[in-house]
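Could you build all of it, start to finish, from the sequences and the hints given here?
Residue numbers (our numbering), protein chains in the order written: chain A, 1 to 188; chain B, 1001 to 1188; chain C, 2001 to 2188; chain D, 3001 to 3188; chain E, 4001 to 4188; chain F, 5001 to 5188; chain G, 6001 to 6188; chain H, 7001 to 7188.
Hints in this document: simulated from the structure, not taken from any laboratory. Using N, Cα and C, we set each Cβ at its ideal position, and we do this for glycine too. Treat the hints with care, as some may be off.
[Stated by the list, open to error] Facing chain G, according to a computed beta carbon distance under 7 angstroms, are these residues of chain F, among others:
(1) Thr5062
(2) Val5063
(3) Val5096
(4) Val5097
(5) Thr5098
(6) Leu5099
(7) Arg5100
(8) Gly5101
(9) Asp5102
Here is how the chains run, residue by residue.
Number of protein chains: 8
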Amino acid sequence: MKHVKKVSRRTRVVTGGALVAAVTLGGFGAWSASATSSAPAAQAAVKADASNKNLTQSTRLTVDAASRAAQAALDAARKDNQRVSVAVVDRDGNTVVTLRGDGAGPQSYESAVKKAYTAVSWNAPTSELAKRLEQAPNLKDIPGTLFLAGGAPVSAKGAPIAGVGVAGAPSGDLDEKYAQAGVAALNK
Amino acid sequence: MKHVKKVSRRTRVVTGGALVAAVTLGGFGAWSASATSSAPAAQAAVKADASNKNLTQSTRLTVDAASRAAQAALDAARKDNQRVSVAVVDRDGNTVVTLRGDGAGPQSYESAVKKAYTAVSWNAPTSELAKRLEQAPNLKDIPGTLFLAGGAPVSAKGAPIAGVGVAGAPSGDLDEKYAQAGVAALNK
Amino acid sequence: MKHVKKVSRRTRVVTGGALVAAVTLGGFGAWSASATSSAPAAQAAVKADASNKNLTQSTRLTVDAASRAAQAALDAARKDNQRVSVAVVDRDGNTVVTLRGDGAGPQSYESAVKKAYTAVSWNAPTSELAKRLEQAPNLKDIPGTLFLAGGAPVSAKGAPIAGVGVAGAPSGDLDEKYAQAGVAALNK
Amino acid sequence: MKHVKKVSRRTRVVTGGALVAAVTLGGFGAWSASATSSAPAAQAAVKADASNKNLTQSTRLTVDAASRAAQAALDAARKDNQRVSVAVVDRDGNTVVTLRGDGAGPQSYESAVKKAYTAVSWNAPTSELAKRLEQAPNLKDIPGTLFLAGGAPVSAKGAPIAGVGVAGAPSGDLDEKYAQAGVAALNK
Amino acid sequence: MKHVKKVSRRTRVVTGGALVAAVTLGGFGAWSASATSSAPAAQAAVKADASNKNLTQSTRLTVDAASRAAQAALDAARKDNQRVSVAVVDRDGNTVVTLRGDGAGPQSYESAVKKAYTAVSWNAPTSELAKRLEQAPNLKDIPGTLFLAGGAPVSAKGAPIAGVGVAGAPSGDLDEKYAQAGVAALNK
Amino acid sequence: MKHVKKVSRRTRVVTGGALVAAVTLGGFGAWSASATSSAPAAQAAVKADASNKNLTQSTRLTVDAASRAAQAALDAARKDNQRVSVAVVDRDGNTVVTLRGDGAGPQSYESAVKKAYTAVSWNAPTSELAKRLEQAPNLKDIPGTLFLAGGAPVSAKGAPIAGVGVAGAPSGDLDEKYAQAGVAALNK
Amino acid sequence: MKHVKKVSRRTRVVTGGALVAAVTLGGFGAWSASATSSAPAAQAAVKADASNKNLTQSTRLTVDAASRAAQAALDAARKDNQRVSVAVVDRDGNTVVTLRGDGAGPQSYESAVKKAYTAVSWNAPTSELAKRLEQAPNLKDIPGTLFLAGGAPVSAKGAPIAGVGVAGAPSGDLDEKYAQAGVAALNK
Amino acid sequence: MKHVKKVSRRTRVVTGGALVAAVTLGGFGAWSASATSSAPAAQAAVKADASNKNLTQSTRLTVDAASRAAQAALDAARKDNQRVSVAVVDRDGNTVVTLRGDGAGPQSYESAVKKAYTAVSWNAPTSELAKRLEQAPNLKDIPGTLFLAGGAPVSAKGAPIAGVGVAGAPSGDLDEKYAQAGVAALNK
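Encoded structure:
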């Protein structure tokens, strides 16, 4: 089963649907005033039928799931009396949840984000990815990445959908243990 | 029907699926050496069944559809003898396609990206959104946005999924005409 | 009572304490290897007694409290069927918690952070602060700020200690309602 | 024949031409309102005759050619069932075309841009350039560059005019194979 | 005659030319070690004949011409006893020449670059462009621009090819007078 | 004794305190006009009692102490006839004091900040931390850090509270000697 | 008397001086290892005699003077029970001294730097400069500037040499009062 | 003789001078409207007499000298048929002159600036400095630096006052040869 699948018959959308969208337009975006939004032009809606090849869908963690994973990682660190920060990043590299732990070092916050980003980029724990630098050392020059243990990938249907990153413990192995605890919480 | 829907029974994923994922791991990421990737830990896969609330799905344009829209916008401008740049941005704000038109001004490229970003953020043409500044002028201080005509939203099932931005024509109205032409191409 | 108070007799620290610190050094920071950390030089510890004027203390939300506030803000938005992102920022401007809500616009995440930052900077709701621009319009040019409704301050002992920011609802007033719901959750 | 050549008699421009330029001024730039543009001062035009040494010309790919190359690279990757992003950069380092492939990792987009930039900077495939780091390791500290296989130069008349960059496949060699396929498409 | 013209028969390039390119490869780029550069693959060269539609050419000022213009602008300011900085930017927005004048304010350097950028983007003096903000105030939010008098466009064959920017004098009108003096020097 | 301790009975704050806060609101923030600030909503104050788990406190150097340390470091360098810059950074990574020494190299200012940041992040002198790179070389890719001798940590009660960084001397060992002199000044 | 004056006979330097420079080379820069620096090539020294037009000199505050001014500004604020941050910037826009005051808002630090920068750029208090925006509103788009009261210029021999910026008090007028107190301290 | 010397009796400035400054205020800064500048407060001037310890002076290249050096470097490269960019940076790290050579690679411009910055930071050719990385490899992580041959320092009175950077030739040795030619031009 593929990560990116064509939308099926069930997701069909017609132009009339776009007009409905206009009515509920206010529901999207940070629109910050008493809205009197006019309807977007009808042609802004993508006509979709069973043979539509315009659309694809991607799977992601809900914010609740991501938050639960992050909290679980933080709790695992606390059990070990470690002060860490935690981040969950989606497959597009967007940060979904961050937690700056009490007393965690200032460097831990952004480190956690980058570890999560790295894990989801290559769908592997960052401890594994750090080893790959022996063969391709310049991988670490890719913007957004950090090749330190502490990042764990989350996959669904065999494809990466998120990364959990932890930073701040005295070793990367510990960081990654907590990140994995975060991932594990998703299956409880 | 909602933009963000819970995954159904059909998208269920079991831990065994995660092991399969490990086998095809190389298929994801810019991994740049002869890969001997070890399997990610089994717990990295999200167990999903019919009642799974961990996952959600988002709809987006395929890169082919986005590219077709961008090309159509560029062609529309060319018919009018205008030199523009074009961008398509997805609902997460990621740039999917950019085209720097021959002879377009240097400011047009980033302008196109920001117009597309703005249109998808509020699911409305930027010509409409620019008017809203009368009531909420500080909206334009939100990073990534540009409140100039030339951005058109793309929606599916009543929800925004992409924005098309055009910049470089002598007026924003022209820019937006071309952006709308790009959106229209999605329904051909 | 003042926000910044001198540490009392109870927080006294002697040099011996610093040596103890050295032993548990590994417990701080993202130190990512099997640590064999040598002790920091003894003079790195600040000698503190009752008359010590070197030290001050600042109050902040625990990450658990900040997380609870953020979650409450998100839940309040969900009750209204709104898709938002939420951020909590401490008095030093550091982001403590972020939540990118399901289906929230791409602009909402950074907007939420900036609203929270603005609220804690001036210890007032951003809806109030936006009004102040009439008299001092250039306030909005201060880096990190966003003068849109949706940010609510958190204070303790009369001093600002955090800000909660929400973005993504169709109006700033709604955003701020959710932010206030987040703050209110701290007193439950 | 040189990359940078002096303009010949055929490109001569007189001041009268500048006045014509004023009339069609609106045709350049993202000028976003009903234009009533006044003529630029006559002295703003460069007088050029056969002996003019003020001007030079540079060759570049048309946006159509660049788009065709990018699409060809993406298609080549798809044939191998690989998910990649593609970028084409001109000799001045400007991004001309980008394509974020369906399901490509989040790190692939910017990686593709940087590989293309690197290839056009030194007019060599990035797989070659990565080897040069053995002798000059600090080359990789130059802003904008990425020394990973996957970038291919495009030259005309013996001079570099563009770079094609691909990222996201499990190895850089694969990335570069697709980039070369993109270049090859220019000669079809 | 158009700004962007298709390359004629005279610029034809064959694949053999690409091989020649390989030989002289070292001549391009900041390659910083004893070069033993291998030849780029033959397919990296764009085959070009009289009907080739892959290539286009853009006109620009030589660095010598740009330098002469910048120096003339600086001299004009000095005659008035004014301390300014000067920049020349090409049509792609690249800075070609900068001069930080003795005693010029710290803000003048980047201001000069942005004024030049703005002038070349819309092919008009920035004093004119500043007036256009009355109708389209958000134009000034486009990255890289500065809508203050002091920028003058340079055109050739009716198309913009460069901008000259000056900043640091007590009024923008003076700044623009010097910028125009810089442009005028191109025709001497 | 812990770095992060729960606030005791003595720091209790009631809602009434929040109203007082409103009265003195003007005292916080860079509010830059004749303030007529309305009171923040009462619920913006965190109710705190002896069992309150919402709040925590962190210890930091006063600005006077930080300034004295920075000055002492600068003086120590001057005694050796060295030209350096100095920075003090708090545990959250915020720069508290900077001094750009007369004649110090341009690179020294930011280097001092980063050394201080690195020292406080791992609570160890940067000379020690630089050695740790042998085992975990990618630590140096963490944003904000610089692994060069010259940074010294400041701790209180066994926990890091600040870092002092010095840069500009001909060797890092000298830089660190001055940084340590700065720390030592705190105990005089 | 001019701000920028030609160096007189007294500053003459001969090539032999350059060789001396080589010997003491270690004294400049953040060179961080046991130095075995070779002499810079002799031609690296500028031959200077009485008629030398290569060199100019600029006046600046010593770091001690700048530090005294900053401290005086902070003290003045404290007398009024205000929590502020302070910055001193030199004529080239470099930050010389910063002080983040205890309890000052997070936005105050960068605001102080920008106010100081603005004051020294135009050699006027920022309260005056803010008024000038009525006539030239786009001045505030110049990078690095902030047009809020609180910045005071320092001049010597009729030319600007530094700016003092203060931020964090409830009004800009207060901020500027403290900044002026900082300047005044230079004449005590 | 020292780089930083105290100002002598001859540079004395009295408060009356400050009033004169007010009159000629318009002569500084990019003040962009019909100026009606009020006088800065009298206390903004630093009282200076023979014993004044507030002021120091720094030596720098005039923009004319810097421009001549840059042009000489460019010419030297042209003689060798090399396409390069050139930059001159002052002791404070400010870019004074830049020249983007015809046909130089896109990476050459910023590389030249960074090489110049590096050379003036440590007062040594960057070819020398690159060797020092063997002992202190992390020096290259200092922001603004680039450890590639091609940067040459300029000194006066034994102290660094500027750096000349060249990039774009096939080897760093060539780049540095041209940079040295630029420095040499200062003594002609």
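Right, here's what the structure says about each hint:
Here the hint on Thr5062 (chain F) is kept, as its CB sits about 6 angstroms from the closest CB of chain G, short of 7 angstroms. With 7 angstroms as the threshold, the beta carbon of Val5063 (chain F) comes within range of chain G, its nearest partner Cβ sitting at about 5 angstroms, so the hint holds. Below 7 angstroms, beta-carbon pairs count as interface contacts, and Val5096 (chain F) has one with chain G at about 5 angstroms; its hint therefore holds. Residue-level restraint check for Val5097 (chain F) holds (minimum Cβ-Cβ distance to chain G is 6 angstroms; threshold 7 angstroms).
The beta carbon of Thr5098 (chain F) comes within 5 angstroms of a beta carbon in chain G, closer than 7 angstroms, and the hint placing it at the interface holds. Given the 7 angstroms rule on beta carbons, the hint for Leu5099 (chain F) holds: about 6 angstroms separates it from the nearest Cβ of chain G. The interface hint given for Arg5100 (chain F) holds, since its Cβ lies 5 angstroms from the closest Cβ of chain G, which is under the 7 angstroms cut-off. Proximity of Gly5101 (chain F) to chain G holds as hinted, the smallest CB-CB distance being about 5 angstroms (cut-off 7 angstroms).
The restraint placing Asp5102 (chain F) at the interface with chain G holds, with a minimum CB-CB distance near 5 angstroms, inside the 7 angstroms limit.
Comparing the model with each numbered hint stated earlier shows that all of them hold.
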